[in-house]
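Residue numbers (UniProt numbering), protein chains in the order written: chain A, 1 to 272; chain B, 1 to 1042.
Don't take each hint at face value.
To be verified - Straight-line alpha carbon distances no greater than 27 Å define the calculated BS3-like cross-link-like pairs of lysine-lysine that follow:
#1 B:K776 to B:K801
#2 B:K33 to A:K88
#3 A:K88 to B:K20
#4 B:K669 to B:K312
#5 B:K138 to B:K227
#6 A:K88 to B:K30
#7 B:K20 to B:K49
#8 B:K312 to B:K781
#9 B:K526 to B:K503
Just so you know, the hints here were simulated from the structure itself, not pulled from any lab data.
The primary structure of each chain is shown beneath.
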Amino acid sequence: MPLDTSTTYPLTRLRLDGRRWNELRLLQAQISTNSASSGSSYLSMGNTAIMCTVHGPAEGRRGEAGNAAGAVVEVDVNIAGFAGVDRKRKAGGNDRQSSQLSNSLRSTFQSHLHTYLYPHSTISIQVSILSADGSLLAAAINACTLALVDAGIPMPGLLCGCSAGMSGSASTPQDSKNDSLDPLLDFSLPEEQELPFLTVGTATPIAGGQDGMVDDVDDMKISVLHMERTAHSSYIETMLAVGIDGCKQIREILEGVIKGSNKIIFPSRDDL
Amino acid sequence: MKSLRRDFSSSPQSANVSSKVFVRSTKSGKVQKIVRELYLRQDIPCSSKLCSICYSHAPVDADGVGKDAKNTLVVNNADLQSVVPFILSDRPAGTKAFPGGHYIVPDTNAFLNGMDLFEQPGAFRDVIVLQTVLEELKNQSLPLYNRLLALIKTDENRFYLFFNEFRLETHVRRRPEETINDRNDRAIRTVAKWYREHLHQASRNGKMEKAIPAIVIITDDKENIRKAREENVPALSLLDYVAGLEDSDKLLDMINESKEGKGQRGELFYPEYYSMSKILTGVRAGTLHQGTFNISPYNYLEGSVSVSAFDKPLLVLGRNNGNRAISGDIVVVEVLPKDQWKSPSSKIVDEEAVTRNENPEVEDHEAVVTEREQKALQEEVKKAHGKNAEGKPHPTATVVGIVKRNWRQYVGHVDPASTSSLTKTGRRQQTVFVLPMDKKIPKIRITTRRAADLLGQRILITVDAWERDSRYPAGHVVRSLGEFESKGAEIEALLLEYNVQYKPFPKVVLDCLPSEGHNWAVPANKQDPGWKDRRDLRDRLICSIDPPGCQDIDDALHARPLPNGNFEVGVHIADVSHFVRPGNAMDTEASMRGTTVYLVDKRIDMLPPLLGTDLCSLKPHVERYAFSTIWEITPNAEIISADFTKSVILSREAFSYEQAQLRIDDSTKTDDLTQSMRTLLHLSKVLHQKRMDAGALNLASPEIKIETESELSDPLMDVKTKALLATNSLVEEFMLLANITVASKVYDSFPQTTLLRRHASPPPQNFEGLSTQLQKKRDLKLDVSSSKSLADSLDRCTDPKNPFFNTLIRILATRCMTSAEYFCAGAHAEPEFRHYGLASPIYTHFTSPIRRYADLVVHRQLAAAIGFSTADGLSRRSKLEDICKNLNYRHRNAQFAGRASIEYYVGQALKARGERLAKHDGDGNFGVDEEGYVMRVFENGIVVFVPRFGIEGIVRLEDFMLPGDTVRPTTDARKELALRRDSDFDAEEYTLRVWENGHPEPESSAMFELFERVRVNVSSVKEESVRAVGKRRVRIIVLGKA
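Start from the sequences and build out the full structure, keeping to the hints where you can.
Take a look at the structure:
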């Protein structure tokens, strides 16, 4: 039996993969990975790897009336048969986990994107989970954001997701005097199976004008909040605070990815 | 297409990512390959106080951020307050081999073989526990892993858990072709080397000229020691290391016996266990059966396993069939063919007597079943086949596998006969037998260098293994508890034997107490949050009635007339849940202890005494928080309504049962308080009658009471049977009523998770034996179809000439029943909730939260049910089921411990009396002549119950006084007598006739039958043995009929 976080963390302040409480896993991403689609991305957070492609906005399928108010977002999540520890024979089926993910993603991006610009059309997002090692929803949000940016679909700001939880079962009220539990950032699969956590997604509107991006804390809003497993309500604030901080770190990385790819598309004078 | 391969070159962080790959197989036999990331880092401290480097980047927990500033989240590294303090000493102890001090790095096998050593206070200090080792230990043995964790958490021993796999310098990648074991060994050596260099560097930086401690690897792996020496790293085996310590003799004994590597195997005595898969298929197919292995208290060769497929327990006869199972283990058995079925033994067989002269050292020539044991068994078989009387042969079985060993630490003493006389003074290692206190546990073979010291001591031992080539299990000494019969050692032995937590409360628990201490009081201001939702009941005339000298007063009562002619009756229970918050350290400790344990002169509290005897206790003349149940009751004790509320009360008086009785009987007193007590008494009588009519059982278990602290009087005079007054039953009735009312209230609110108590109806076959005995001997019928009919038929079991007969039958009937248990409402269907003994459809424990944890849980549930608090932490059924399991276990053990303590005191009182008489009269036999009753009849003895002392004892043939005898048999003559006596046992009539060899005439023989009243002499004697020390036991001599 491997060690578990709730016993060893208080002794060493180290998590089971050697991270501290406030550290993200290694996050790497690329965009425009698939030229056949309108937008695409590949993102890995630790051993979680996700590929995402976006098609559209395109005209809705024939026969469907479409929505006059704006574009309809469709999300299809496919968890590869080889993504988990056990290889599943029947891949791509509509299992509970993938439909839950696609529902969350659809409602998230339906309200996040400026869909009113594209009435009677459909934006379809295809998410393929190649390897699942925790924080699936957060990673999928990030991958979708990148792919949507690549597809050039207008949105008020980058939507970034991150998971956060507690280092113990957290089933009783938080005791402010001798608090033995620490919040943990960016859960991996073994941590998800053991501890309570939530997934939070935040969006910061991009201020227009010459300054470009101004990170104004007051304008930041939480677009997604998804609680997994039960924890006492007094811990929510702590987890949320850590999760939002994680989102900020992720935003910087994603911005780096987007700007980095711009360089290649529009080479600056120095490169020429 | 672009390549999507992970690009490690881009990020500087990524250079430190490694991965751990391992393969595991699941229960269903699937093989899984698991890949985990590892983030290697350099900020894991070495935790040595010598080191100046690590301190600057020691880890900071989330609190280093500051609680209120979490939104900004700036990590403040300079905030050293939240840095984990460094553990390893800057001046570690040295040994002969390492005079400059040393740190220890133990390998996994060191913990596996010598966990008791590491737990020995002061023996091992400054130990670096590696992550590699911890993980390997968890894989090999979960209990040892938990013990090691507990060690790491205590500060005094300075154990440091070093996560070596995450430190860049000490991370080791498995090489191709390298086994996982070799890799782990290499990891340990790498750490030792790193520590040495690191400390060198640190001391150079710090410019301090302190000696740098040696880093010593302790491992029992020879290959590892060799490689370490090659790499110039000091490494020792556990044995060699311990030998170099002071006090090594004592410590060496604690090394695990089984792993010492005996070399070649001797003869194999026991059959091999079936393979796991064969067992699993067998159990599933119904050809094998799983159950708990129990040894009969009267015959150590007869075990039984209760399985669902048979209504009678399966008998496991003899050591060979028992196949190394120890009482309490969960085993898998195979039923033997029908022609080998036998009836249960009717003979008393004592291990000590049969195998007295075995030599622990020599194993070569012995068979599993010695000749004498064989003889004892064969007689049994003959008998079983000889007649087919009422006892149809029971199915017999043989153990083929062990699912779970339930070995614990046992208390025992070294068998003096097994030590060799040569080594009385020497320090030579020798093998001796230890006789456990629990008769059901076989002798345990231990190896020790201190046999001479251990003689005459109570010792604590652990069983390590029971190999096929060994007749007896092998174990090792954990520690000595002290001299025989010294009070401290005996009481500690008893507490250990029943697994009672008796250590003082740790500081974390005491920290949970209110800071005001004894000055805490109910707030005067009603606006205080403490008053929120509390009813003010200070005007009610409340009093408490308890045994004399009671300090932890759980309950108080009141009654007052209402204008409509009915009564308002209130039961007020100490509001413990106000002080003990769910989930804090005190709550965890209490839930583990489960119950307060009452010994004769000692109380082992569940809650710290500040709460139990002061703040929670409903003492008179002080305001206290309470949880009240208030009924409106008609004069005929019909309940109109019930109401539950948290309250504040002011008890007017704390009575003892006797005082209360006197006050009620005193007709001159007409004040309101006395009147209300009279009302309560009246109502309780009606309630009692109603309960009896419903079929409640009046059960009996021998209960006696010992008053200590009387130097002058004869201690035996202080052994009293507990007196019962009407006021006892007054309190009891209302407590039962409160429990029942609360049970149904909580059950309404939480149908899945209510903590309830039930007493299952006993299966009729449990009563089979008793009912045939009654039928045969007294022509009485026992109707067990319902609790009502049983109660009635028990009432009819009387004997005009023998007033105690009825109680005796009740005691025996009680033993036929199942024991009551706590359970979680979701675990059983509603009809199963029934409490058989109380004849109540639903029942729980609510009225003693100071001394029982179950009551505390029910308090919380009731508080949630009435909307006083939320149901946080009470809603998980699995958690509650774990609590129930533990409570049942603790509850049972507390009862056993209490009984054992009384037994010990009776023995001590008898001994004191014997010694005093000996001073006056010289030699002879000193005991107390008493009345006793025959409880069971065996082929070679009877079991006699002595109500005066509440003890029962085996009387062997040599302990009978025959009609011709004039002198009472003395202790010394026993052996000789035993050979001369002869007996005749009639299994159908339950009689035993005893006579002297060659004189079987009726006039010179004595005849005893079941239930008969006999005159006995009770004394406490030292067990005779070759050496001076022996164990004391109560001896009963039958003098004749009464």
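Could you check the structure against the hints above and give me the numbers of any it violates, in ascending order? Numbers 4, 7 and 9, in rising order.
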